[in-house]
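For the record, the sequence lines run as chains A and B.
Counting in our numbering, the first sequence runs from 170 upward without gaps.
Counting in our numbering, the second sequence runs from 170 upward without gaps.
Honestly, I wouldn't trust all of these hints.
Because identical chains share one entry, a pair is satisfied inside a single copy or across any pair of copies.
Claimed, not checked - Below are the SDA-like pairs computed for lysine to any residue, each with C-alpha atoms no more than 25 Å apart in a straight line:
no., residue 1, residue 2
1, Lys-288, Val-305
2, Lys-220, Leu-289
3, Lys-288, Gly-204
4, Lys-273, Pro-307
5, Lys-220, Thr-191
6, Lys-273, Glu-309
7, Lys-220, Glu-306
8, Lys-220, Gly-256
9, Lys-273, Met-246
10, Lys-273, Arg-284
11, Lys-273, Arg-298
12, Lys-273, Phe-217
13, Lys-288, Gly-308
14, Lys-220, Glu-249
15, Lys-273, Arg-322
16, Lys-220, Arg-302
17, Lys-220, Ala-350
18, Lys-220, Ala-280
19, Lys-273, Glu-306
20, Lys-273, Glu-301
21, Lys-288, Asp-244
22, Lys-273, Pro-332
23, Lys-273, Asp-285
24, Lys-273, Gly-308
25, Lys-273, Lys-288
26, Lys-220, Asp-285
27, Lys-273, Arg-180
If you're looking for bench data, these hints aren't it; they were derived computationally from the structure.
Listed below, chain by chain, are the residues.
Protein chains: 2
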Amino acid sequence: MPRWESDAQGRLERAALELFETQGFERTTVAQIAGAAGLTERSFYRYFPDKREVLFAGSELEAHLVARVETAAPDLMPFEVLLTALGTADEVFRSREFLLRRVKVIAANPALAERDLIKLADVAGALARALERRGVEPGEARFIADVVIAIARRATSRWLADPAATLSELIAQAAAELREAVTP
Amino acid sequence: MPRWESDAQGRLERAALELFETQGFERTTVAQIAGAAGLTERSFYRYFPDKREVLFAGSELEAHLVARVETAAPDLMPFEVLLTALGTADEVFRSREFLLRRVKVIAANPALAERDLIKLADVAGALARALERRGVEPGEARFIADVVIAIARRATSRWLADPAATLSELIAQAAAELREAVTP
DNA sequence: TCGATGACAACAGATGCTGTCATCACCGCA
DNA sequence: TGCGGTGATGACAGCATCTGTTGTCATCGA
């Protein structure tokens, strides 16, 4: 394989997204992805632990959010800490076009939707541990993190459909919606 | 299979739980489960679409909750509807001993944890659709359902650790905790 | 009694994923 | 210029999951 080509991982990710879009996830084999990227099937598994992960490896969202939590003002309430961290999440997103293609592919396949869910749950777990380091009790930390992830889903869903709004606006809007809903 | 024997599906479920406990999920093959239940590997797949599902097939939780939502008083707020439905969820749970064994097996394996998450997400989706039938806008319905599922996780986690408390008490407690957390 | 139905076994095959070893390009260094 | 080390890759073998298909047997209803 020529060395002047860009890195193998990026080629695999692009080839996989392309193939998943045209053929569907299940109908494309790992050998096809690897072949389109100029590698062998075995080499694919050197870059990604399994076939699904090729769509999820690039994100640095978790590290970004955790860093924001760790540098948040000490007197902030846990919920507010996560909310303000979330408001800056668009800093690590790739282009909206890429996100939309990815979302469509994921939504079209149950196995990928599963992986997406567990990735979000991983983020929730990391956020919960970050809260624990601020002194929040573990059970409550996980609870608040789960709720904030729900807010994130609500906000990003609107964000993908409405390019005009900023993510932090939509986060605040979802939080207000939640307060409204839970108030008797 | 003789009629006086218990059904094949139940035998497969029990054999699988047993084997997963002693050998771990990955190290037990479908052929082993089927063999322990007196069936062939091929027959296993007539009862369950895949190996993981043998641990998740029995639950009628979703149908129970949806039924509760559909018979709820029309003037209740969406959040309250789901909360009161959740409070009756213990009516469809099996024995605590069975639940604990199951939880341990699931927690010990990432693939099973994934499936557990997606099952909860399925419940959230069903609850959201039930809310839509009451006139709630789809995006908000899903949002509220996700939040209520977070409440459910918080409550059941406490419930498994504390046999004394009732589930509906713990649900109300988690809801109060949420109101407290989101109030500025 | 006969035909339909359903449960099951048996077999073949595609695919995901892993372990192992050989190979080759490149690197620093003498 | 040549040498050895290192890391990436290819080649190959193998196991397990899951699917499609077919044949057999028991059961059930007309």
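Results for each hint:
1. Proximity of Lys-288 and Val-305 under a CA criterion of 25 Å is satisfied intra-copy only: 23 Å inside one chain copy versus 28 Å between copies.
2. Taking CA atoms no more than 25 Å apart as the test, Lys-220 paired with Leu-289 passes in both settings, with 18 Å inside one copy and 24 Å between copies.
3. Neither within a single protomer nor between protomers do Lys-288 and Gly-204 lie at most 25 Å apart by alpha-carbon distance, with minima of 27 Å and 35 Å respectively.
4. Proximity of Lys-273 to Pro-307 under the C-alpha cut-off of 25 Å is restricted to the inter-copy arrangement: shortest distance 19 Å between copies versus 35 Å within a copy.
5. In this assembly of identical chains, Lys-220 and Thr-191 lie within 25 Å of each other by CA distance solely inside one copy; the values are 16 Å within and 29 Å between copies.
6. Taking the shortest Cα distances, Lys-273 and Glu-309 sit within 25 Å of each other only across copies (21 Å), while inside one copy they are farther apart (33 Å).
7. When the C-alpha separation of Lys-220 and Glu-306 is checked against a cutoff of 25 Å, the pair qualifies neither within a copy, at 36 Å, nor between copies, at 36 Å.
8. For the identical chains of this complex, Lys-220 and Gly-256 are neighbours neither inside a copy (31 Å) nor across copies (40 Å), given an alpha-carbon limit of 25 Å.
9. In this assembly of identical chains, Lys-273 and Met-246 lie within 25 Å of each other by CA distance neither inside one copy nor across copies; the values are 36 Å within and 32 Å between.
10. For the identical chains of this complex, Lys-273 and Arg-284 are neighbours both inside a copy (14 Å) and across copies (21 Å), given an alpha-carbon limit of 25 Å.
11. In this assembly of identical chains, Lys-273 and Arg-298 lie within 25 Å of each other by CA distance solely across copies; the values are 21 Å between and 31 Å within a copy.
12. In the homo-oligomer, the alpha carbons of Lys-273 and Phe-217 lie at most 25 Å apart inside one protomer (21 Å), although the nearest pairing across protomers, at 28 Å, exceeds that limit.
13. Proximity of Lys-288 and Gly-308 under a CA criterion of 25 Å is satisfied in both settings, with 20 Å inside one chain copy and 21 Å between copies.
14. For the homomeric pair Lys-220 and Glu-249, neither the shortest alpha-carbon distance inside one copy (37 Å) nor that between copies (41 Å) is at most 25 Å.
15. For the homomeric pair Lys-273 and Arg-322, the shortest alpha-carbon distance inside one copy (15 Å) is at most 25 Å, but the shortest distance between copies (29 Å) is not.
16. Proximity of Lys-220 to Arg-302 under the C-alpha cut-off of 25 Å is found in neither arrangement, the shortest distances being 34 Å within a copy and 38 Å between copies.
17. For the identical chains of this complex, Lys-220 and Ala-350 are neighbours neither inside a copy (40 Å) nor across copies (39 Å), given an alpha-carbon limit of 25 Å.
18. Taking the shortest Cα distances, Lys-220 and Ala-280 sit within 25 Å of each other both inside one copy (10 Å) and across copies (14 Å).
19. For the homomeric pair Lys-273 and Glu-306, the shortest alpha-carbon distance between copies (22 Å) is at most 25 Å, but the shortest distance inside one copy (37 Å) is not.
20. In this assembly of identical chains, Lys-273 and Glu-301 lie within 25 Å of each other by CA distance solely across copies; the values are 23 Å between and 35 Å within a copy.
21. In this homomeric assembly, Lys-288 and Asp-244 never come within 25 Å of each other (Cα to Cα): the closest approach is 29 Å inside a single copy and 37 Å across copies.
22. Taking identical chains as interchangeable, the C-alpha atoms of Lys-273 and Pro-332 lie at most 25 Å apart only when both belong to the same chain, with a minimum of 16 Å there against 43 Å between chains.
23. Taking CA atoms no more than 25 Å apart as the test, Lys-273 paired with Asp-285 passes in both settings, with 12 Å inside one copy and 23 Å between copies.
24. For the identical chains of this complex, Lys-273 and Gly-308 are inter-copy neighbours only, at 17 Å across copies versus 34 Å inside a copy, given an alpha-carbon limit of 25 Å.
25. With identical chains, the CA atoms of Lys-273 and Lys-288 are at most 25 Å apart both within one copy (17 Å) and between copies (21 Å).
26. Taking identical chains as interchangeable, the C-alpha atoms of Lys-220 and Asp-285 lie at most 25 Å apart whether they share a chain (13 Å) or sit on different chains (20 Å).
27. Taking the shortest Cα distances, Lys-273 and Arg-180 sit within 25 Å of each other inside one copy (20 Å), while across copies they are farther apart (40 Å).
When each numbered hint is compared with the structure, violations occur for hints 3, 7, 8, 9, 14, 16, 17 and 21.
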